[in-house]
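Input sequences plus hints: build the corresponding full structure.
In case you want the letters, here they are:
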Amino acid sequence: MATEILYFAWVRERIGMASETIALPDGLTTVGDLVSWLAARGGGYAAAFEDRSRLRAAIDQRFVTLDAPLGRPREVALFPPVTGG
Amino acid sequence: MATEILYFAWVRERIGMASETIALPDGLTTVGDLVSWLAARGGGYAAAFEDRSRLRAAIDQRFVTLDAPLGRPREVALFPPVTGG
Amino acid sequence: MIAVAVDARPIDIGAEHAAIAGGGAGGVATFTGLVRADDGVVALELEHYPGGTEAALRALAEEAVARWSLTAARITHRVGRMLPGEAVVFVGTAARHRAAALEACAYLIDRLKTDAPFWKKETLAGGERWVDPRGSDDAAAARWEP
Amino acid sequence: MIAVAVDARPIDIGAEHAAIAGGGAGGVATFTGLVRADDGVVALELEHYPGGTEAALRALAEEAVARWSLTAARITHRVGRMLPGEAVVFVGTAARHRAAALEACAYLIDRLKTDAPFWKKETLAGGERWVDPRGSDDAAAARWEP
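Going down the list, the protein sequences come from chains A, B, C and D.
Quick note, in our numbering, the first sequence goes up one by one and the last residue is 85.
Quick note, in our numbering, the second sequence goes up one by one and the last residue is 1085.
Quick note, in our numbering, the third sequence goes up one by one and the last residue is 2146.
Quick note, in our numbering, the fourth sequence goes up one by one and the last residue is 3146.
Note that these hints are calculated values from the structure, not bench results.
Among the clues, some could well be false.
What the hints assert, rightly or not - With the Cβ distance kept under 10 Å, some of the chain B side facing chain C (calculated, not the full set):
{"id": "1", "residue": "1006"}
{"id": "2", "residue": "1084"}
{"id": "3", "residue": "1085"}
Unchecked claim - Mimicking SDA-like on lysine to any residue, the simulated pairs with C-alpha atoms at most 20 Å apart in a straight line are:
{"id": "4", "chain 1": "D", "residue 1": "3121", "chain 2": "A", "residue 2": "47"}
{"id": "5", "chain 1": "C", "residue 1": "2121", "chain 2": "D", "residue 2": "3121"}
{"id": "6", "chain 1": "C", "residue 1": "2121", "chain 2": "B", "residue 2": "1047"}
{"id": "7", "chain 1": "D", "residue 1": "3121", "chain 2": "A", "residue 2": "54"}
{"id": "8", "chain 1": "C", "residue 1": "2121", "chain 2": "B", "residue 2": "1056"}
{"id": "9", "chain 1": "C", "residue 1": "2121", "chain 2": "B", "residue 2": "1012"}
{"id": "10", "chain 1": "C", "residue 1": "2121", "chain 2": "B", "residue 2": "1010"}
{"id": "11", "chain 1": "C", "residue 1": "2121", "chain 2": "B", "residue 2": "1054"}
{"id": "12", "chain 1": "D", "residue 1": "3121", "chain 2": "A", "residue 2": "33"}
All values derive from a computational prediction rather than experimental measurement.
Glycine is no exception: its CB is placed at the ideal position from the N, C-alpha and C atoms.
As structure tokens, this is what we get:
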């Protein structure tokens, strides 16, 4: 199943794109596992994900922590702490 | 010295006028004394001042309690508890 | 910037708001009291104490500006006859940060209810009646005492 | 009545306010966040998470309406590029009595700061920078936990 990965703010800028569609490999249990798998690509991915304490995530538009089960989502978003309002 | 006495809301309606100018007699020590002196006129005054717990006052535009010293004010206002906002 | 007004004309919320933004404010908080049609009220008449009212409102605004370091405070109270749904009072506060603006706004409307000389008279189908003060207003004002 | 919006156009405060009055409300509380020109900021760019943002704002508004029995709640957040003095966000709440409207308004802006996916980027004379979250925002949001 294909999953849409969305990037926002400086995560988006470092990776150099706003979204991509990925067929998730087996063995990714948590959101953090997905982040590690992406970071292993190096380059902008490694730069975007170097500080996990400044990374937030949403699965299918619901905010989750990085240790949340990944499941089989349609959409995962990765982004910095929010600063709206 | 002449003092302007102002009445508001149902105090004004019961007395039948919005203001009057009075030469205060000697012997009125507190605002409450003034109220008693006015109430002794009977009629609308007695009706307006029959329940002191529902009466409020201001001397020269400053809110005071009925036991406040009357002094020699230019203006005394007598009115019900306020209900603005 | 402090501005208080007592006016028989309808309150223009957009204009009131614009008057307190600016001046380095990061947030504007407002409260607007509206005439409710409770119990068949068809109109509300607001009486005030000319001169005394403005002095009371200004004193409240000055207190709030000092206590919360506001960049602006504005109180506009309507008087005369008005209809359900119309605005009776507008309180607006502006500050660099939101907590100050929000708290000062709540403070001003709570204190205005007990400290400013206005009186409400309701017109109902069967006649008129002066509104009695609510005990909850005294309690709300008292919570701001140091 | 709940309405949330994310829009690149300037926020019309008068129209926002009018949209939440009515419906038996006795009071309307609002908070408007403005772009500050702190540290030489010349512009602010707001990014959001389309779809996710609206869902988050709607969930917050629904919580507030239930918790404070509001007659209306409205959140309008601007996105894109804006200038100092312009409104970033409008939060409006209406209720029969003022305490509910005022508390719910403070709740919504506190929670929005930590729970809605928006990101601010400042333009300064020397370049651009993403805004870091403030620890005080987490503290403000946490005070509403039961």
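Status of each hint after checking the structure:
1. 1006: Since the shortest Cβ distance to chain C is 7 Å, the answer is holds.
2. 1084: holds (3 Å)
3. 1085: Check passed: Cβ of residue 1085 of chain B comes within 4 Å of chain C, closer than 10 Å.
4. D/3121 x A/47: Satisfied, since the Cα-Cα distance of roughly 19 Å is no more than 20 Å.
5. C/2121 x D/3121: Between residue 2121 of chain C and residue 3121 of chain D the Cα gap is close to 52 Å, so the pair fails against 20 Å, i.e. violated.
6. C/2121 x B/1047: holds (19 Å)
7. D/3121 x A/54: holds (16 Å)
8. C/2121 x B/1056: Roughly 17 Å between the alpha carbons, so the hint for residue 2121 of chain C and residue 1056 of chain B holds.
9. C/2121 x B/1012: holds (13 Å)
10. C/2121 x B/1010: holds (9 Å)
11. C/2121 x B/1054: It holds: about 16 Å lies between the C-alpha atoms, which stays within 20 Å.
12. D/3121 x A/33: violated (29 Å)
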